[in-house]
Amino acid sequence: MSLLRPLVARAITLAAVFLAVLLILVVALGLTGFSERVLAATVGEQLRIERATLAQTIRDPEELERALEARRRELYTFYGLDRPWTARLPQTLLRVLSLDLGEARTLRSFKGSNRVADIILERLPNSVLLLTTALVITAAIGLAVGVILATRPGSRLDQALSGLAAVSHALPTWWVGILLILILAVRLRLFPSGGMYSTPPPTEPHLRVLDLCLHALLPVLTLVLVNVGPYIYVVRTITLNVAREDHVAMARAKGLPESRVRSHHILRVAAPPIVTGLVLGLAGTLSGSILVETVFHWQGMGRLYYEAVLGTPDEAVIVALTFLYTLLYVVARLILEILYVFLDPRVRYAD
Amino acid sequence: MRLRETWRGLWQSWAGKGGVGLLVLFLAAAIYVLVTYPADFGSRWWSNPAAWADNPKAAPPAWTNLWRREPWVKHLVFEARAPSQVLETANGPMSVYRFPLSHPYPGPPTFLALTLGEVTYARQPPLITVSLGRPDGRSLRLYRHMPPGPRPGEGPPFRRYHESPLRVRLSTEATTVAAVQQFLAAEFGLQVSERELLGRVDQALFGVPEREGEGVRFRSLPGDYEVVVQVSFSDRGDELGLVRFVLGGAVFGVMGTDDLGRDLAQGLLFGLPVALAIGLGAATFSTAIGATLGLLSGYAGGRTDLLIQRLADIVANVPLLPLLIFLLFIVGSNLFLIILILVAFSWPGLTILVRSMVLQMRAGQLVEAIQSLGASRWRIMFRHILPQVAPYLLAQWVFTVPSAILAEAGVSFLGLGDPSIPTWGQILEQGFRTGGVYVGYWWWVVPPGILIALTGVAFMLLALGLEPVINPRLRRIG
Amino acid sequence: MTSLLEVRNLYLYYADRQGDVRAVDGVSFTLEEGGQALAIVGESGCGKSSLAMAIMRMLPDNVARFEGEVLLEGRELLSLPEPVFRQEIRWRRMALVPQGAMNALNPVMRVGEQIIEPLLVSGGAEHRIARARAEALLEQVGLAAEVYHRFPHELSGGMKQRTMIASALIMSPRLVLLDEPTSALDVSVQAQINNLLKRLKWELGIAILLVTHDIAVASDVCDELAVMYAGELVERGSAEKVLTTPVHPYTQKLLASIPRLHADRKPEFIPGAPPDLRNPPAGCRFHPRCPYVMERCRHEPPPIVYPEVGHQVRCWLPGKQIVGHPEEKRS
Chain A
1 MSLLRPLVAR
11 AITLAAVFLA
21 VLLILVVALG
31 LTGFSERVLA
41 ATVGEQLRIE
51 RATLAQTIRD
61 PEELERALEA
71 RRRELYTFYG
81 LDRPWTARLP
91 QTLLRVLSLD
101 LGEARTLRSF
111 KGSNRVADII
121 LERLPNSVLL
131 LTTALVITAA
141 IGLAVGVILA
151 TRPGSRLDQA
161 LSGLAAVSHA
171 LPTWWVGILL
181 ILILAVRLRL
191 FPSGGMYSTP
201 PPTEPHLRVL
211 DLCLHALLPV
221 LTLVLVNVGP
231 YIYVVRTITL
241 NVAREDHVAM
251 ARAKGLPESR
261 VRSHHILRVA
271 APPIVTGLVL
281 GLAGTLSGSI
291 LVETVFHWQG
301 MGRLYYEAVL
311 GTPDEAVIVA
321 LTFLYTLLYV
331 VARLILEILY
341 VFLDPRVRYA
351 D
Chain B
352 MRLRETWRGL
362 WQSWAGKGGV
372 GLLVLFLAAA
382 IYVLVTYPAD
392 FGSRWWSNPA
402 AWADNPKAAP
412 PAWTNLWRRE
422 PWVKHLVFEA
432 RAPSQVLETA
442 NGPMSVYRFP
452 LSHPYPGPPT
462 FLALTLGEVT
472 YARQPPLITV
482 SLGRPDGRSL
492 RLYRHMPPGP
502 RPGEGPPFRR
512 YHESPLRVRL
522 STEATTVAAV
532 QQFLAAEFGL
542 QVSERELLGR
552 VDQALFGVPE
562 REGEGVRFRS
572 LPGDYEVVVQ
582 VSFSDRGDEL
592 GLVRFVLGGA
602 VFGVMGTDDL
612 GRDLAQGLLF
622 GLPVALAIGL
632 GAATFSTAIG
642 ATLGLLSGYA
652 GGRTDLLIQR
662 LADIVANVPL
672 LPLLIFLLFI
682 VGSNLFLIIL
692 ILVAFSWPGL
702 TILVRSMVLQ
712 MRAGQLVEAI
722 QSLGASRWRI
732 MFRHILPQVA
742 PYLLAQWVFT
752 VPSAILAEAG
762 VSFLGLGDPS
772 IPTWGQILEQ
782 GFRTGGVYVG
792 YWWWVVPPGI
802 LIALTGVAFM
812 LLALGLEPVI
822 NPRLRRIG
Chain C
830 MTSLLEVRNL
840 YLYYADRQGD
850 VRAVDGVSFT
860 LEEGGQALAI
870 VGESGCGKSS
880 LAMAIMRMLP
890 DNVARFEGEV
900 LLEGRELLSL
910 PEPVFRQEIR
920 WRRMALVPQG
930 AMNALNPVMR
940 VGEQIIEPLL
950 VSGGAEHRIA
960 RARAEALLEQ
970 VGLAAEVYHR
980 FPHELSGGMK
990 QRTMIASALI
1000 MSPRLVLLDE
1010 PTSALDVSVQ
1020 AQINNLLKRL
1030 KWELGIAILL
1040 VTHDIAVASD
1050 VCDELAVMYA
1060 GELVERGSAE
1070 KVLTTPVHPY
1080 TQKLLASIPR
1090 LHADRKPEFI
1100 PGAPPDLRNP
1110 PAGCRFHPRC
1120 PYVMERCRHE
1130 PPPIVYPEVG
1140 HQVRCWLPGK
1150 QIVGHPEEKR
1160 S
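Quick note, the sequences are listed as chains A, B and C, same order. With the working numbering, letter number 138 in the first sequence gets 138, and the count goes up by one each step, no holes. Numbering-wise, the working numbering comes out as the position in the second sequence, counting from 1, plus 351. Numbering-wise, the working numbering comes out as the position in the third sequence, counting from 1, plus 829.
Simulated from the structure, these hints should not be mistaken for lab results. We put the beta carbon where it would ideally sit given N, CA and C, even for glycine. Some hints could be false.
Ranges of calculated distance between the beta carbons of each label pair, as one might list FRET restraints [as the list claims (entries may be wrong)]:
hint : chain 1 : residue 1 : chain 2 : residue 2 : range
1    : C       : A1102     : B       : P819      : 50 to 56 Å
2    : C       : P1110     : A       : A9        : 57 to 63 Å
3    : C       : P889      : B       : Q363      : 23 to 29 Å
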């Protein structure tokens, strides 16, 4: 039962984060008059269409204008444009929370739908695929190498990798992606330079999967290359610090074999802060994935951001994406927090 | 003073020395840029295509010739405000501009362009003739031009091409093409149609023609050439202020050019103080805010503490890039806004840390002792607690700078950079968006990234160098 | 009959930038048999903790010199390769209750699991049996059996200390070393732990080597007392003899510095400071602080002399008395 209490606290904080971002989104849209403009534009569009249809039935130009004016007033009331944006706030919030994300202006889903929800949902799995693969590989390498480094601190390998970790932190992930494209795809022609599948994509399922893997290799490599350095360093430092603690010396004094000391007394104790390290790196990997998707034309949510900004700007998509990324982040964070509570018993009973 | 110890400790390690060295270099370069470049470099020069018209497009840097067996043509600009010679002719004074050049390349220049500026005349406009002398002794007239005559309602002196100089791209100019046709017919006995000469005017001028089947081929003619510009004035006192002749190169400058012909060296250089401003600005403000809130939260306790803690917790968990994208998108991109948003979301980490350190110190006896002496809250916070915390603040600050620079580069790459100020991220964005990556324009996309990374590395080295200095401190407080 | 523990000429130096720290500088002593407790008493920094660590072969990375002989039940330990020492000696024959039991427990593992860990891993015992034994031990040290399931952060200081004692006993070693077992605890809990140690001595017949700066604890629990100063043992004898008739000036000073409730005199302080173990004084190491210092003390390190049977001291003072008299072995 006492497992739940700290978890609930974390969950509440993360929910607050989510709501706060939502609030920022909606308030920013209202405050800058953006939502007004968008809604007015929508009304304008509708009126234009209706003008054409109405013009067929109403011949008198004055009557036509009056009819359109009345229609415009109707639409204004419908969209709430006759009230200040603060009055529209609760309605907008509810709409977003119920995932009614509106329609995109120019972007379309693969199947042709212009509903934002459809567009985004189609691309969500692609982003998740990229992210989780990169995260898992980074964590695996980070753990393996970090632990090895911790057994020989101060060695040349250790110094070299610490330097590398420092440099990694300063490298733009997406630029590394560009470099890889330049070298491996353009110059050496070893890998495709972008996209998720070849054109035309193979039809057989196993060939399709292989094709996907081939295309995923460079983006995942980019994400891993940049994030693994700092993570190795974090794992190494934490493991080193834990290895120096008294209970480790005690375990050795008890005659336990070194392998057991390593697994149960060093790694097991280092696990909670290492998980925290993963959490801290999560934000960076998320942002990195947005840009990496852009560079590699990977049809995920990140790439969608780019297309929405670059094309005739599609505000609905951008708002929805910001909202969803926050949601994604919050959920991932929550999962890791749950993991942490399981790993560290000291947290369970804290008030 | 603790700061002096910190400095000495920093200087002891390789990393510290490297970081400080790099930083000094960057600061020196930034100061140079601030002094020599105009503040509106972005809008007046960088975004202004006229400024780059005479540069070759997408040309790699000149030093790439070092590893080429056959060097590519270097970009040559001849500019003269005063003539090499002034002759007296029967019709009036004549200024002659001579531009000798040696052309040892196996290929021709990529284009030829002439710019004339600041013409002033009393009665009749001058006649300007441009001809090319070749190493094989032949020469031909490339171009002839007379600025527009007096217009109705105008009085002397007549001024032409003062505000906007005349620029002619000779390689595609109709009269030049015709002149080349005549030249080929007269000197080599070859009839070459206009269509055949399309795009090969430079080859013809700098080469020797050879019949190849139905068409004609040009073998390159290396040697010494001379461009002669003759200006026949009708009256003494008439002037031509500016003559510029450009032989377009295949390579250009220190960093090459982008697809619009912009000198990347200038763009990259200008980006340096901008990047530093972003990094240092965002880091300084977020460190200041974070530290102050942390001090306040740890020291005041109670509801203030709770409020600040909750706020920090929430802000710390907001994903930065999506929100940055959104806000820049709807408000419009602006450098100060970028810095503002970065600061607004970077302070929580420091607050949480400073707060825990303050709590540890409060549990110690030093603070109690000072409190009993009757010092005010603020005094205690800033005169006594802050110096202890300072080295760690410095480390955080150093760590934040590269993050801020990277964040700005990231949004610029997505197309949301401040359009009036070129940044490294924007240069990268242009290189990527126009497909430069896929055609291998490495000099366009690699250097900005290297510069971003180097700036970050400088600060990371500082952070590494600071680590041994602050760690013993941490252990003392903890 | 061989002694249970015999230490001969044990040296342990640490490497330090300013010179080697001579923590244990030629220490020899014996502990005759089980059911006896020997206290090593001295100020902080005299090397007593290092002595315990040396015997347990729990050495840090910066060891400059480590040699000598440690015989446990006649078997020399220092020359054993580490794997042999680990499998046959550690925790089976000899166990340690460290200083600062607070940090010696793995924070993410349940206490009971930590206690039985050596039994399971090296002893190859069945989990059920090991657990039963652990719970029995916990009760024996005065804790409830259900403490088995607790995490260390749920226990008080005293409870943790008792846990460490139970943990040390899990494989029924002949010798248990305790390093400052009660320094971090309240007086009332101290008394409880002291009583526990005495009880274990009598009930289980284990030999105890107790390292402490607290003479009161030493006198309460231990039968024999050895005084350590600057890396050397300066006096050794039965607790009664050493406490009532201390021969070495340092021991005398040490005893005089204890505040006594019913005495008329005030506690005295020992003038000067403990010597730097990197550069101990020449001759007798105590000579700069000794009230009876003679010229000889400044230059010649004093030998071990026996003022009476079973009582040895390293000093020039009783030089006029018996020299080199081998002590009678107790039967």
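### Query
Quick one: are P889 (chain C) and Q363 (chain B) within 23 to 29 Å, going by C-beta?
holds (25 Å)
### Query
Given a hinted range of 50 to 56 Å, is it respected by the beta-carbon distance of A1102 (chain C) and P819 (chain B)?
violated (30 Å)
### Query
P1110 (chain C) and A9 (chain A), beta-carbon distance inside 57 to 63 Å?
Holds, since P1110 (chain C) and A9 (chain A) (Cβ atoms, about 60 Å apart) stay within the stated range.
The structure does not agree with numbered hint 1 stated previously, though it agrees with all others.
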